[in-house]
Amino acid sequence: MGRRPFRLLVAAVVIVGAINCVMLVVAPELRQTTVVDDFSETLSALLAATACIITARRGRGRARHAWGLIGVAAGLWGLGQAAWTYQEVFLHLTPATLFPSFPDLGYLLSVPFAIAGLLRLPGAATTNEARMRTVLDGLLIAGGLLFISWDVVLGPVYASSSTDTFAQIVGLAYPISDIAMVTIVVLTLSRLHAGQRLPLVLLAFGVLLNAVADSSFAFLTTLQSYTSVNFPDLGWTMGYALIGLAAVGALSTSAHTGDEAIRQPRWTLMLPYLTVAAAGIAAVVTEFIAGSLNRVLEWDLILTITVVLARQYLFARETRSLNEQVARKNEDLDLKVDERTRALVESLEDLHRSNDERTKLLLRLVTVQEQERQHMAGIIHDDMLQSMIAAKMRMFLLHGDDGVEDATAASIESSIEGAIVRMRTMLSDLHPHILELGLRAAVEQSISEFNDDENLVVVLTNELTGDPSPIVATTLYRIIREALTNASKHARGASVTVFLNGDQGSGFGARISDNGPGFAPRTDQRSPQGHLGLSSMHERAEALGGWVHLDSAEGAGTAIEVWLPQKPESVVEMPAA
Amino acid sequence: MHGTRLRVIIVDDSGEVLSALGRIIDKQVDLELIGVASSVDDGVLLVRQLQPDVVVLDVNMPDGGGLRAAKEMVVVAPAARLIAFSAFDKTLIRRAMTVAGVSAYISKSGDIRELLDAIRVGRDIDAFTPR
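Going down the list, the sequences are from chains A and B.
Using our numbering, you'd call the opening residue of the first sequence number 1 and step up by one each time.
Using our numbering, you'd call the opening residue of the second sequence number 578 and step up by one each time.
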């Protein structure tokens, strides 16, 4: 249903209501007024029932059930009103003889359907316990309100009326059920989103108007002054009109099923207790004025207190179940945290382990590499180089002391000499024999070689005390040579200081600094372009558990610092050279 | 000493070098090869027994090399002149050997005549002619 029919319906309700109202004011005694009043009530209720059923058929989920039940309730009430109309208009029976009678069956039957429907409204309680709490809250409010109304108005009037007990019970059923329904509507309203509230506000006012009309009816009936055409009658007409509008409005505005959970505002938790508190105050006041409470009030108080206890029990159960849920969630969370922590610790241990393994492998690699180089150097030196030297001597034997005249012999000799020189260079690279004389001697030898090349001016500051182990000496020596080679390439003509220090206890280190042009080092301290040796320096030092630090900047020279522990852990020690 | 031949011992761990150098020394009329050794210990023993005039000593050998050999030979044969004969020409090794007591340091890759000259230091070379 779109906006147009909705507006038409609103207009129709307003017009009928206005006519009914005018007639009630102008000519309350006219029979036509009674007829219009009866028919408009019947029509209003049946129209509301139709609108609710249509909305229910098109709706889904909870909304479908809710509007369906409210529709049935409106329909039953409408049938009851139809029976009333039939009795009053066609059988010409007077209202006094009509209460309680067949129409009341329709009216009162509609109450449970209405309550069930209101409880199924979108936004109403979704769990059984919450639904039960809503019912108890309604009963609490009803009990409290009934106490006050009985104490103040209803009780005295009821006591002075002369109708029989059955009529008294039926008369009481109206205000009690109405109070319960209003309570449920108010509770439901308080749990709704702003966006879907309008139809339910209309519904609430509809139910409220019905309740006022019902209570007034009961009030007037007990006084036996009900005249079938009263202002309260307008409440039913307008009430069901609003319920119908609410159904139509829900159809046009609500697109969702109402299954979404909605947070309940905190103040609604106190609402039921406020009426109980008011009833309590009324009880105290009555005790003071009348000296005692009458039996109805006493029973009402007892029942209300019972409901409070039931609600407290429910509340305690919910709290306990919530606490248990929280405890379970906490346990789950603890378990998960433990699990994650364990996994984290394990992966950290794995990481440490693989890091250790990597370091060990690197160390082994460096050591094995040095051993292999030493082995190869031995073969070249002891075998190939000596053979070449012997060959050179035999060439000497060929031509004797007088020198070479034969050009072929001379070229053979120079080939041999060239091979010897190349082998010697190779030997120096493969295994620096000079280290046999100690690290300091080896470094001095290197420095003198670099000074001889006249690319650098190198000086040594030696603070070594004690000799490092062969692998440490070899590594330190290679790093120093690499640093000097880099300086000779990138800092031609620079002054270089090689500072050696260390002892058996604290390990051995060196600092090679020049006053050359410098460069901007990469943040990871590895090789910049053209300084490929830096990476291997780092790797060699790290393999032995030491470090290399590069300090350089454009125009500020370069300094390389290296430190190695004396005895690397789990080192496969090199055999002494 | 004039007219007698210089008695020479060669210590080198390379058999090939020993045989080639031995033949060269043998061919010199003023030199006499009285023994060869291919290890430091054998060399020291031989030098002590034979008390040569000159020892040609390889520098790079196992068991401590020429340096240990030189230090021990100086003790067992103080009169013998030690000549280091090395495939390497490192200043520091040269210095170390000199300190140990060698009187000359000759490179194996250089002209062999340098070694012969070093053996004959202090001799009137002209008095002898090659055989």
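Keep in mind that the hints were calculated from the coordinates and are not lab data.
A portion of the hints provided could be inaccurate.
If we take Cβ atoms under 8 Å as the criterion, some of the chain A residues that face chain B in the derived model are [as the list claims (entries may be wrong)]:
hint : residue
1    : Val25
2    : Val26
3    : Ala27
4    : His433
Derived list of chain B stretches under chain A, where covered just means 3 residues or more per stretch with a C-beta under 8 Å from a C-beta of chain A [to be verified]:
hint : region
5    : 615-622
6    : 626-632
7    : 677-689
Far from chain A by the CB rule (all over 12 Å, computed), these chain B residues [stated by the list, open to error]:
hint : residue
8    : Thr581
9    : Gly592
10   : Val594
11   : Lys604
12   : Glu609
13   : Ile611
14   : Val636
15   : Pro639
16   : Gly641
17   : Arg658
18   : Asp666
19   : Leu693
20   : Val698
Cβ atoms here follow ideal geometry from the backbone N, Cα and C, with glycine treated the same way.
Now the hints, each set against the structure:
With its C-beta approaching chain B no nearer than about 132 Å, Val25(A) sits outside the 8 Å limit, and its interface hint is violated. With 8 Å as the threshold, the beta carbon of Val26(A) stays out of range of chain B, its nearest partner Cβ sitting at about 136 Å, so the hint is violated. The beta carbon of Ala27(A) comes no nearer than 138 Å to any beta carbon in chain B, farther than 8 Å, and the hint placing it at the interface is violated. The beta carbon of His433(A) comes within 6 Å of a beta carbon in chain B, closer than 8 Å, and the hint placing it at the interface holds.
Counting residues of the region 615-622 of chain B whose beta carbon lies closer than 8 Å to any beta carbon of chain A gives 0, which falls short of the minimum of three for the stated coverage. Given as covered by chain A, the region 626-632 of chain B fails the check, having 0 residues with a CB less than 8 Å from a CB of that chain where 3 are the minimum. Under a criterion of three residues with beta carbons nearer than 8 Å to beta carbons of chain A, the stated coverage of the region 677-689 of chain B is upheld, 3 such residues being counted. The beta carbon of Thr581(B) is kept farther than 12 Å from every beta carbon of chain A, the shortest such distance being approximately 21 Å.
Non-interface status of Gly592(B) relative to chain A is broken: a Cβ of that chain comes within 12 Å, the nearest being about 8 Å off. Distance check for Val594(B) against chain A: the nearest CB is about 5 Å away, which does not clear 12 Å, and the non-interface claim fails. Non-interface call for Lys604(B) relative to chain A: violated, since the shortest CB-CB distance, roughly 7 Å, does not exceed 12 Å. Against chain A, the non-interface label of Glu609(B) holds: every CB pair exceeds 12 Å, the least being about 17 Å.
Distance check on Ile611(B): its Cβ is at least 19 Å (rounded) from any Cβ of chain A, clearing the 12 Å threshold; non-interface status holds. The Cβ of Val636(B) does not lie farther than 12 Å from every Cβ of chain A; its closest approach is about 9 Å, which violates its non-interface assignment. A beta-carbon of chain A is positioned within 12 Å of the beta-carbon of Pro639(B); the least distance is around 9 Å. Listed as a non-interface residue, Gly641(B) fails to keep its Cβ farther than 12 Å from every Cβ of chain A; the least gap is roughly 9 Å.
Annotated as non-interface, Arg658(B) keeps its C-beta farther than 12 Å from every C-beta of chain A; the closest such distance is 21 Å. Distance check for Asp666(B) against chain A: the nearest CB is about 8 Å away, which does not clear 12 Å, and the non-interface claim fails. Against chain A, the non-interface label of Leu693(B) is violated: not every CB pair exceeds 12 Å, the least being about 8 Å. Its beta-carbon lying about 17 Å from the closest one in chain A, Val698(B) satisfies the requirement of being farther than 12 Å from that chain.
Figure legend: structure checked against the earlier numbered hints; hints not met, in rising order: 1, 2, 3, 5, 6, 9, 10, 11, 14, 15, 16, 18 and 19.
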